[in-house]
Structures are given as C-alpha cells and as structure tokens.
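There are 2 protein chains.
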Amino acid sequence: MKVGYLGPEATFTHLAVCSCFAEAKQQAYNTIPACMDAAMSGEIDLAVVPLENAIEGSVNMTIDYLIHEQPLYIVGEITAPIRQHLLVHPSRKEEWTNIEKIYSHSHAIAQCHKFLHRQFDSVPFEYATSTGAAAKYVSENPDKNIAVIANEMAAKTYRLDIVKRDIHDYEYNHTRFVMLHPDQHASVQVNPELSSRPKTTLMVTLPSDRSGALHQVLSAFAWRNLNLSKIESRPTKTGLGNYFFIIDIEMALDDVLIPGAAAELEALGCKVKVLGTYNAYVL
Amino acid sequence: MKVGYLGPEATFTHLAVCSCFAEAKQQAYNTIPACMDAAMSGEIDLAVVPLENAIEGSVNMTIDYLIHEQPLYIVGEITAPIRQHLLVHPSRKEEWTNIEKIYSHSHAIAQCHKFLHRQFDSVPFEYATSTGAAAKYVSENPDKNIAVIANEMAAKTYRLDIVKRDIHDYEYNHTRFVMLHPDQHASVQVNPELSSRPKTTLMVTLPSDRSGALHQVLSAFAWRNLNLSKIESRPTKTGLGNYFFIIDIEMALDDVLIPGAAAELEALGCKVKVLGTYNAYVL
Numbered sequence: 001m002k003v004g005y006l007g008p009e010a011t012f013t014h015l016a017v018c019s020c021f022a023e024a025k026q027q028a029y030n031t032i033p034a035c036m037d038a039a040m041s042g043e044i045d046l047a048v049v050p051l052e053n054a055i056e057g058s059v060n061m062t063i064d065y066l067i068h069e070q071p072l073y074i075v076g077e078i079t080a081p082i083r084q085h086l087l088v089h090p091s092r093k094e095e096w097t098n099i100e101k102i103y104s105h106s107h108a109i110a111q112c113h114k115f116l117h118r119q120f121d122s123v124p125f126e127y128a129t130s131t132g133a134a135a136k137y138v139s140e141n142p143d144k145n146i147a148v149i150a151n152e153m154a155a156k157t158y159r160l161d162i163v164k165r166d167i168h169d170y171e172y173n174h175t176r177f178v179m180l181h182p183d184q185h186a187s188v189q190v191n192p193e194l195s196s197r198p199k200t201t202l203m204v205t206l207p208s209d210r211s212g213a214l215h216q217v218l219s220a221f222a223w224r225n226l227n228l229s230k231i232e233s234r235p236t237k238t239g240l241g242n243y244f245f246i247i248d249i250e251m252a253l254d255d256v257l258i259p260g261a262a263a264e265l266e267a268l269g270c271k272v273k274v275l276g277t278y279n280a281y282v283l
Numbered sequence: 001m002k003v004g005y006l007g008p009e010a011t012f013t014h015l016a017v018c019s020c021f022a023e024a025k026q027q028a029y030n031t032i033p034a035c036m037d038a039a040m041s042g043e044i045d046l047a048v049v050p051l052e053n054a055i056e057g058s059v060n061m062t063i064d065y066l067i068h069e070q071p072l073y074i075v076g077e078i079t080a081p082i083r084q085h086l087l088v089h090p091s092r093k094e095e096w097t098n099i100e101k102i103y104s105h106s107h108a109i110a111q112c113h114k115f116l117h118r119q120f121d122s123v124p125f126e127y128a129t130s131t132g133a134a135a136k137y138v139s140e141n142p143d144k145n146i147a148v149i150a151n152e153m154a155a156k157t158y159r160l161d162i163v164k165r166d167i168h169d170y171e172y173n174h175t176r177f178v179m180l181h182p183d184q185h186a187s188v189q190v191n192p193e194l195s196s197r198p199k200t201t202l203m204v205t206l207p208s209d210r211s212g213a214l215h216q217v218l219s220a221f222a223w224r225n226l227n228l229s230k231i232e233s234r235p236t237k238t239g240l241g242n243y244f245f246i247i248d249i250e251m252a253l254d255d256v257l258i259p260g261a262a263a264e265l266e267a268l269g270c271k272v273k274v275l276g277t278y279n280a281y282v283l
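First to last, the sequence lines map onto chains A and B.
Counted the way full-length UniProt numbering counts, the first sequence spans residues 1 to 283.
Counted the way full-length UniProt numbering counts, the second sequence spans residues 1 to 283.
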C-alpha cells in the first residue's frame, strides 16, 4: 500500500501516517489538493490530510476541495495530539537558555505564545515554511546559537536534541486527519493496536437561506437520538450567507436511522451526501 | 487611532485595514496572539485579524485565543475578496509565460491549484512565509526568471507587474476579518463609503455532550425567527467531543429577542456569552 500525505517530511501529518501505517510506502505532497489529486488518479492508495485544527495547512481547503473538486470518500480518521518541543543542535545543548533566535512555522510559534512570552520574551523568532524546514536549518547551522520549535519526529530526522518538552500552550492540542479514497467501501488496514469508534459524516445543503432551516435539519437527527459530535457551516462559494453543513454522527451508516433522516431532509428540499462512514482512530 | 493587524506588510489583512482605515496609524504584528495582546494592553486601539477562510493565519487561533486568553469583543467585521494575481519583475514582463519558478505562501499556491495545473504544470514552486515575503524576493532578484502569486498591494509595495489577474480557482473567495477591542461598546470609525449590516455573535457552551442538546439550543432561536447566518462547533480543549458553538445572528443585540433566547438557554444549563454586536462591512 502507498500512502500519500501533506508533507514535507516530519510534519504532524507525516507523524500520524507513521503511527497508523508503519509498513506502508509513503509519499509526501506539497499541497492538500495535490495529495487529493494523487488519490483520485490512483497514484497513491490513500491520501492523508489534516481536516481540523491543523497547524500546517488550511483546514477549509480539505473540505472545500473534497466538496467542489475531488469527490473522494472519508474512509478513516486519525486524531493525534500535537506536541511542540524546543530543539537545538546537540553541540548547543548546554547553552539553550541563551539562544539568540527561534525558528519555526508561524502557527507553531503562535501555539507556544505563552511559553515564549514567559521564557524567551526578548528572543526574536523567524518564520519558516514548515517546522521540518526550520529543524533542517538548525541542524545545518551548528555555528549559530539558535533553536527550533518542532515535533519529536523532526528531532529524530534532523538529529536535534529536545531541550524542553511540551511547550505548547494548551494541553489539549489535537489535530484531526482524514484518510481519503475514491471508493466509499475501501477497507483500510491500520495499526491493529489503535482504538477506534465508528463515525459517519454527511454534507447537508439547505434549500434556501431561511430562518430556522438548520433547526429543522437537526430535528430529523434529534428525534432519532442520533448523536452529532460536530456540526460546521461552510460557505457554498456562490455568495455570502449561503452555507452547507458538515455533520458528524457518532455511529456507522446503518440501514434505517441515518437513511431515514436523509430521506426526510431530501423531502424538505435539502441535498444530502454521505462523505464517508469509517473508523475514527485515536493516537 | 492606531490599528494593529496580522502582518507583514501587504498581506490580505493589511489590504483590508487600508480599505477601512485609510487615515489611521497602522502597526503590523507577527502573530494573531501578539496582535490581540497589543489591543488588550492598549498599545493599539483596535486589532484586525482574520477569522474565517484566511490564507495567512489559522482561523481557529483567533477564536481560541479570544475564548481562552484575551476576552476582547468583536466591534466590527470586514469581508474582503481574496484576489490572487501572478506578478513578475518589470524587466521580465515580456517573458512571463516562460518563468522557471513560482514563489508564494503555500495557501496562496493551493488556492491557484487549477490555474497552475493548467498553465504551469511543469513549473516548480517554492514556499515563502507570506505572499509579501515572496513578492519581496522576486523584486530583489530581477536576474532570475521567476514569478510570485500575491495581491495587488504586494505588486504596488514591491513594484512588480501583474501579468495575469485573478488566477485563484474560485470566483467567490472571501476572507472575514474581525476588529477586536477590550470595550464591547467601543465605537469604530470606518470608511463611510462602505456598506454594512448589523450582526451579533454568541458563544454557547452546552451543559453536557448529550444527543439533541444542539437541537434544543437552535429551537430557542428558531421560534423567535432569529436568522442564524453561521454556526460552528469548536472543541473546548478539555477533551474530545466537548464542543462549544459560535453562533452568528443577523441582527444587532436588542432588548428582547436575543436576551430572551440567552436567558432560556442559561435556564437549560448552557453558558452564553456575547462576543460582540457590530457592523459587518463588505469591501
């Protein structure tokens, strides 16, 4: 199996892929659309891209590209903790409290805002295009007294020392990744040690922008006791105020309840599309 | 008045600030949290940061920092079109179809994915930390046959020629920015030529993760005919599956309807917070 992911190497997406698919061949892509195109064309067997809370790509891009461009299905989900560490070149290990500059992706720096404010308030930072690129730079410049904010994998890949662990501001800092495939029923072999729960994701487009329409949609789920773990509105890209909804249901697609709700919504003029029914894995 | 914004210069946030506050002093900040901290401390009179669909910063970061760290109020909103152009150094104007590399922020490149695929399929691209930084690089390297994807302001700031306009894939490509202030009732003077509509944003935290709770929340709005233009769930950062909701209502905060809905929700065990009632401007 060949798994494509949003690269470059040692990103959080790459880390998630390694945890789930230790045996698979891996291929990094520069952008979310490029990775999804490759899954559609069969160049790879599975695309793994961030969907929510991502620090290295636009989340909206994944949903929008899925809806508007590449009709892939969600065949799996990975929720992974995002842990940021402070890394230096091994030769600089003893003097890390006196670093003169910190390199990283802007989102990683922002995620460690409070730590940096407390401990390195006067130390300037410089942005890199990814945490991996910043780690590479630090590894290649042992003569400079600099540090990088990146993950554990970047430390291993670029042989840097972690001098301060878990410097991100929020303990609960997770990213959701989705596995995408052209076939809704594709089976995915992941690391059998991971726990999972079933999930179904629907896209619901309302018939018109009228007051209370969303309330009506949710009624169809509520009276069936279908638990929605997430609901998110996204613009349809046809004009301001026109939204569709992405709804996550905490169960696998069944023959009665979800199809019943969908049929009712369609009778009310909504468009309903199953984006996937899959296992959600937690790392 | 001094307006802080998510920089660097010539970003889309900067462009929005210039359109709304032509007369104001401006100050760029490197991160969304830094900009919001400055508004809280009084270093600036107003912070302008992206909230939705942003290409140059995490949208989630703005909401999360607002909820968890800096209790600023939304005192205004700007919706601005995101138009991406292809820019080259003026001396390269005649040979732009033969460019050898394209520089930009990864999100800008992803937004022009279809155009690049069609017209420059074999041309490699290189990521920069912002569209502005990429434009600066192209302006300083006239000897290289390269182009940059950036906005009109970057073309002016770095004296580049726009050789192909509007190369973004979706015609409807907008970003919402919010104006943040410590005082909920702060009055904001924007360019009087801009049209606006009133809006109120609430944060609603559900009492527990139970089936149908969101449906109950929406009922309180639906039976009052309050039109919700957007609803979005966000994790509370205390654990998986615990979400709060950001709800946009298409009217100014009144004395009867919105407070009535809020009081009912609180009686049901929800936490309700007004994040702001403000004018939403469209550029």
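These are computed hints drawn from the structure, not numbers from a lab.
Some hints could be false.
If you only want the chain B side, here are some residues facing chain A, beta carbon under 7 Å, derived [stated by the list, open to error]:
1. THR31
2. MET61
3. ILE63
4. HIS113
5. GLN119
6. ASP121
7. PRO124
8. TYR127
9. THR129
10. HIS215
11. LYS230
12. ILE231
DSS-like mimics (lysine-lysine), calculated; alpha carbons at most 27 Å apart, straight line [said to hold, decoys possible]:
13. A:LYS271 with B:LYS93
14. B:LYS101 with B:LYS114
15. B:LYS144 with A:LYS230
16. A:LYS114 with B:LYS114
17. B:LYS2 with A:LYS230
18. A:LYS2 with A:LYS114
19. A:LYS230 with B:LYS156
20. A:LYS114 with B:LYS93
21. B:LYS230 with B:LYS271
22. A:LYS230 with A:LYS271
23. B:LYS156 with B:LYS93
24. A:LYS144 with A:LYS114
25. B:LYS101 with A:LYS273
26. B:LYS93 with A:LYS2
27. B:LYS271 with A:LYS273
28. B:LYS156 with B:LYS144
Ideal placement from N, C-alpha and C gives every residue a C-beta, glycine not left out.
*Which of the stated hints cannot be reconciled with the structure, identified by number in ascending sequence?*
Numbers 3, 5, 6, 7, 13, 15, 16, 17, 18, 19, 20, 25, 26 and 27, in rising order.
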